[in-house]
Amino acid sequence: NAGVTQTPKFRILKIGQSMTLQCTQDMNHNYMYWYRQDPGMGLKLIYYSVGAGITDKGEVPNGYNVSRSTTEDFPLRLELAAPSQTSVYFCASSYGQLPEQYFGPGTRLTVT
Amino acid sequence: QKEVEQNSGPLSVPEGAIASLNCTYSDRGSQSFFWYRQYSGKSPELIMFIYSNGDKEDGRFTAQLNKASQYVSLLIRDSQPSDSATYLCAVIAGNKLVFGAGTILRVKS
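Heads up: the sequence lines are chains A and U, in that order. In our numbering, each number is its position in the first sequence, counted from 1, plus 129. Just so you know, our numbering puts 25 at position 40 of the second sequence, and the rest follows in order with no gaps.
In case anyone wonders, no lab produced these hints; they're calculated from the structure.
Below, in silico cross-link-like pairs of lysine to aspartate or glutamate (EDC-like), each with a Cα-Cα straight-line distance of 20 Å or less:
id : chain 1 : residue 1 : chain 2 : residue 2
1  : A       : Lys138    : U       : Glu30
2  : U       : Lys81     : A       : Asp185
3  : A       : Lys138    : A       : Asp167
Far from chain U, by Cβ distances over 12 Å, these chain A residues were calculated:
id : residue
4  : Asn130
5  : Pro137
6  : Lys143
7  : Ile144
8  : Met148
9  : Gln151
10 : Met156
11 : Asn157
12 : Gly192
13 : Asn194
14 : Ser196
15 : Thr199
16 : Asp202
17 : Glu208
18 : Gln214
19 : Thr215
Idealized CB from N, CA, C, for every residue including glycine.
Sequences and hints are given; from them, build the entire structure.
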């Protein structure tokens, strides 16, 4: 049982490039989330999903897109990367709306 | 006003002392409150949650909730160097968790 896995662990992008951050969970959780965490800041919700085929915007969705074709996977797409997207990105999952969200190890992204 | 506010710290306490971490929230209708611990370079993990006014104890950790004053606290008794981390307070708003910026705790041996 691997829990929540994220790839890659680190990535450097040039301005204007695109990439997909991968997230997979093997706990059969229906809820999945993407957060970003800037230095000295709390977690900001980017997008979330309550099940396959259903996604919704969080607090800071601009510049990102998501899809949820399966229960297990919830990729986050960055189009036209900007320096403001330099951050640590965490994927999380939970069973229903229970408060215990299980977090992946994070992806540290730098846009230069 | 931010939905969840915490003092960024760092809060420094000697080993064996009680560490007291505080959090205030703006939505008077909030019902559920959570404390996550995040070690440097790691992901957050849930350590406590509280729904009702009063205290909830789990080992060395006690969560305190005062809905009238809109604050929630986390007390760590017999603090250990291994407790050094950032502690994030979170509140349910609608169907999402809203996190505070976190308080850095440093326990000195």
